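Residue numbers (my numbering), protein chains in the order written: chain Z, 209 to 638; chain W, 47 to 336.
Hint data in this document are derived by calculation from the structure and do not stem from the laboratory.
One thing to keep in mind: the hints can contain errors.
[As the list claims (entries may be wrong)] Cut-off 20 Å, straight-line C-alpha distance, at most; resulting in silico cross-link-like pairs (EDC-like, lysine to aspartate or glutamate):
| no. | chain 1 | residue 1 | chain 2 | residue 2 |
| --- | --- | --- | --- | --- |
| 1 | W | Lys91 | Z | Asp342 |
| 2 | W | Lys303 | Z | Asp303 |
| 3 | Z | Lys638 | W | Asp109 |
| 4 | Z | Lys455 | Z | Glu384 |
| 5 | Z | Lys559 | Z | Glu543 |
| 6 | Z | Lys537 | Z | Asp303 |
| 7 | Z | Lys344 | Z | Asp303 |
| 8 | Z | Lys576 | Z | Asp378 |
| 9 | W | Lys91 | Z | Asp429 |
| 10 | W | Lys303 | Z | Asp284 |
| 11 | W | Lys91 | Z | Glu276 |
| 12 | W | Lys303 | Z | Glu276 |
| 13 | Z | Lys336 | Z | Glu325 |
The structure displayed is predicted, hence computed values, not measured ones.
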Amino acid sequence: MKKLFVFLIILVVSCSFIFAQGKTEVTEEASTSSTIKFITYGGYHDALTAVVEAFEKSHPGVTVEMEEFPFNQLFDAIEIKMGSKDDNYDVILTDAPMLTGYAYNGFIAPMEEYMTEEEMNSFTDALKDSSMYDGKFYAPPLKNSCAIVWYNKDILDKTGIPYPSSEYEDRMTWSEFSDICIKVRNANDPSVYGFTFEQISRPYQVLVLPNSLRAEGIGPDGITVDGFVNSPEFIESMQWYQDIHNKLDISPKGVAPAETQALFTAGKLCFLAGNMFDYKTFENTPDLNYGYMPLPYFENGTPVTPTDSWHVGLSNYSKNKELAAEFIKYLTLYEGNDIYLDVQGDFGARKDVLNNYLVDDNFSEFPKTSFRLAAKEAMNTAKPRPLILGYREWESIMTSTMEDIRNNAPVKEALDNAVNSIAAQLAIYK
Amino acid sequence: MLSKKINKKMIEPYLLVLPALILIMVFKIYPILYSVIGSFFVKAKGGIIKFAWFTNYKFLFNDPTFTNSLWVTFKLNIFITPIQIILGIAMAIYLNRNFKSVRIARTLIYIPVAINMVVASTIWNMLLSPNQGPINSIFAKFGIAPQPFLTSPNQALTLIIIICCWKGVAYWMIFLLAGLQNVSPSLYEAGKIDGTNYFQELFFITIPMMKNSLKFVIISDTMINLFLFVPVYMLTGGGPQGSTDTLMYEAYRAAFKFANYGRSYSIVTILLLITFIIIGIQMHFLKNED
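This is chain W alone, in the form it adopts within the complex (with noise of 0.2 Å):
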């Protein structure tokens, strides 16, 4: 009798989490290990695919197209992640206090959340039209010249990130949100009490109290802008003479319009392995202290 207790106590987590595990093994496991696997074979006459060690490697590091979205994707995370943690924790403080219009207030920043990146995506582009979008017609009325847009290298950039930080921050600011709402009242009493300023209160006690959730933002936010693809797709292609092309839009092309799996593959290994060491050093910074 109690040894079948035991076993059941024992058997009933692991059966509990047993569907999680399933479901993460698909498709997250599998793929990762299938595309580490897959980098190390290419394809030869008449789709028969042979095993080549590094040959896919040394393919990319001598590819000027591959080493550029190399640096496209280091660009746009430098800018946007930044951006959106900072403007989120803005938001999150000032949609914090108490006023009169603060759950219209809410919802209206949360909009573009709520909007698909496909759709947004699209809406940005008629927005941005060189020749007929309604900027470079509002631009017209103020007497400024048309402006490329998305069809400049030295705008299309800067685009992409307005664009991902008007649509990311909001959702980011909801976390920002719930960890400031946590905050205890009588720190703040206290920091009063000891004669604290604005910023002192910020940044001796909002912002230290705020970390478990600022870490899962830092580390999530990285995560998705590394893998940044729809708006490149949907926006540039990738140009104005490669000026957005990141490493995911580089794997999606190398697969899906060259039929170069080899190549996809190792591209998304190399991003893995960029995302680990990347969330590797913000873990070790980020790590809580007693």
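Bound conformation, chain Z alone (with noise of 0.2 Å):
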């Protein structure tokens, strides 16, 4: 009788395990439903808003949803609500380098059915690259984004120090940059620093490092970090990140990306390498007296800035698949793009409005100049973070890795043990 009840037991389980896990065929059910819903980033609620309430306008009877979740929290939600085959979404918002993942575990949908040829390569290259996975067009690009340094005015006059070019050319090396920043940091109060960045251990600013110095973070094939995480241009350049919170002491220790914004406009930091739609704080900010300069370079190397986007991307499980891709292209092509561009003040995807940047007179005045300056790092030194299957595993661990050498961990040690770590957690995509 007891062994009766425990094989029972095991049988229902290991049934619901797999009915629960294997649900793989999606119904195609006819679209009766109007309703769009939408996993989103809470960062954008007013231009997202705005979007909807004119496509809502445009598409009597139609009503989008939005869910919106914290940066931190939004990808976890997406895993947890797609990995359970729900059906209740239709249209996910996420960050490029997730796209290759959520398209291998069937996530999301090709757009390549409801999208023409030339509506595709609307997108600068890059972020086109970005939207494809094994040959095929899934998630178009709602926005894009690059790094530039922001530099507070009155810091940079009190330590008597000519203001940085703004100028594309006129570009520093890290070397110059890092002596200006020790001047700085001896001319003032022991609270101000020299430097940060904004994305402080995040792969997505801290990477260009490496890459300056032509040093990849994976290899070709998506898998190998041996020879890639730990090549001595790598280590080189990890040093560097290293010794300006330690030995040279210019950037702060203990501080979390989410403060190093309000560490510039408290005034407590010099320079600030930030997102170029950083300005939109700024400008809110009184008294701060900025200005922007190009983000510096190592001098055996060649400048490059991060680049990449927010996607928008079809769920695999919607039962509205038509309606969901109608909206996906008004957000990220049409007249919901200008709406959501227009009102976030963020940098566009399209190579019309990338274009329009370089002529048009409402980006001749600073801080609007500052587009222009992006939009040349954007057609020339921009590089998009790896697009690799198991981008979260190696991301998870070169933010913590990034994090260590910045809390001074011997930089070769902290880059062999990614190795390992990332080699272990990618060996299941083999």
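Since each chain sits alone in its own frame, please combine them into the complex, following the hints.
Written out as structure tokens, the structure is:
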């Protein structure tokens, strides 16, 4: 009796596991609902609300419901909802490097059926590539991104240093730049630091350092890290990253990425390598006297700037694919995208928008001139993060490693450990 | 009539136990079995689930991150559980006496238990901030160099241990105090007549008479500490350099950060096995003797 009872329990659990996980076929029911459910990032609330309102107006009877998450929770939420094949969601907004994994796992459907070749070619080549997996176009980009260095003019005045040039051609080396930061540190109150990356220890921004020395974060097969993450050039660049936080003491420790902008606006930081759209926060900060310059590069290397986008994906489990695809196109290509860029003050992913920055008078005055520098960077120096299946594993381990290096862990040892950990995690993709 | 009575009498206990049994089955037994079975499956292209025997376990034992987190989990338990129990006994003995402000002392000591672990971790995180934290400011007043605290691989684990002890000691102390209050005063009086000193009283009367409470506390505390997650998640994220990366945090990362559920189920299954073994050993050594 006891044995039969145990057997029955195991049988029930096994069946429920297999049925819960193995529900791979998606029922293609006729679209009966006129509601689109959109999993999105809460940081774009106002702009996306404006797009949704305009879409609903131009599509009578259609409702778009947004389910918003903070940045740190968004990807976990998508993994859980899409991992459980939840068919209540139609559209997801996500960061570029996640797309490969989402497409591999069957979370999102290709958009080729719903978009023309011309529409797919509207985006910059780098961002179009970021939208592809296995030769298919999956999720169009909503926007673009680029890093520039913002500086506090008052701190530079106090230090007696002239304002750096904002011209694309007048780019400093990291060595020249750290010399200025040391002067800033010495001439000001100890609570005033020279420089920090806005996204401290996150590969999105910090990876430009090894990239500038022509080192890659992963091999061309998307799995091999040995010889890449621990290459001499990678080590050299990470040594500089460690030095600015320790030996040179120009960058603060114990500060989280969410706190860096506040440090800059509070006048406690002279240089901030941030996103070009940070100007919106700075414009709303009273008495902040600021300027911008291009991101420096290593003298024996090449200028590199980070790029990537947020992409809009069509849920593979949506029962409303036609309508959802219509909304995705509206948001990324047409009127919806113009509304988004206008309200959010964001940087465009479409080629026509980028070309417009260089000639449009709306971008001829500070701080909007930064769009012109960013457009040049986007077309010449921009490099996206690795497009690999195991990006989340790679990013998580690299972020911890960069943070350890920032906290003075031996650089080579930390990178060798990262190689072992990443190799073990990515083995499942072989 | 008689058979009806017998039937009712036979069924009644089962009916009384049934609600608890259903809850245990749904919230304890089912997830455990689900994890164990899930650990033998891997996710392939298109999200398709495939039976893969011990593949997940093979990957785990070739992964230095896993072996490190196994070691960190053991290290945490080697320190936290004995510290909490020894301090819990000491505090229970102290608070079992009758002195004027005993109720106030009991309340003050119990306060950390009443604070939610997430809130407590956030407060500790602010206190221990290397740049702006008040603890480093106090150190500076005494000429002590600023400490890296949670950003140092040499200090982070110790601080997690201290925070867990601060939070947990009073909780276990309450059970020990209850056990202590059940010890008959006549035993101490008999001991005094035999001329026992304080330590003989402690080791030959107090602790043996608290054995049942102590057994419960040791087993429950071990289980809770083996599954330690919140302070690691809130304070260090398993770092720096993996120095606080526990098995539970690794299981969380695998499931919710990497969507690698097979890996997560395997870690949880291994953790369950370890828990069963440790609890089995503890029960063997703590079994009641006549």
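Under the criterion that the straight-line Cα-Cα distance not exceed 20 Å, is the pair Lys336 (chain Z), Glu325 (chain Z) satisfied?
holds, 11 Å
Distance restraint between Lys303 (chain W) and Asp284 (chain Z), which requires alpha-carbon spacing of 20 Å or less:
Holds, at roughly 6 Å.
Next pair to validate is Lys303 (chain W) with Asp303 (chain Z); report whether the Cα-Cα distance is within 20 Å.
holds, 14 Å
With the threshold set at 20 Å, check whether the alpha-carbon distance from Lys559 (chain Z) to Glu543 (chain Z) stays at or below it.
Holds, at roughly 15 Å.
Holds or violated: are the alpha carbons of Lys91 (chain W) and Asp429 (chain Z) at most 20 Å from each other?
holds, 17 Å
Hinted pair, alpha-carbon criterion (20 Å max): Lys576 (chain Z), Asp378 (chain Z). Please report holds or violated.
holds, 19 Å
Verify the proposed pairing of Lys344 (chain Z) with Asp303 (chain Z), using a straight-line Cα cut of 20 Å.
holds, 18 Å
Does the structure keep Lys537 (chain Z) and Asp303 (chain Z) at a Cα separation of 20 Å or less?
holds, 17 Å
Do the alpha carbons of Lys638 (chain Z) and Asp109 (chain W) lie within 20 Å of each other, as the hint requires?
holds, 15 Å
Hey, Lys303 (chain W) versus Glu276 (chain Z), does the alpha-carbon distance stay inside 20 Å?
holds, 18 Å
Between Lys91 (chain W) and Glu276 (chain Z), does the CA-CA distance stay at or below 20 Å?
violated, 28 Å
Lys91 (chain W) paired with Asp342 (chain Z) [C-alpha distance capped at 20 Å]:
holds, 12 Å
Hint check: a violation occurs at hint 11 only; the rest are consistent with the structure.
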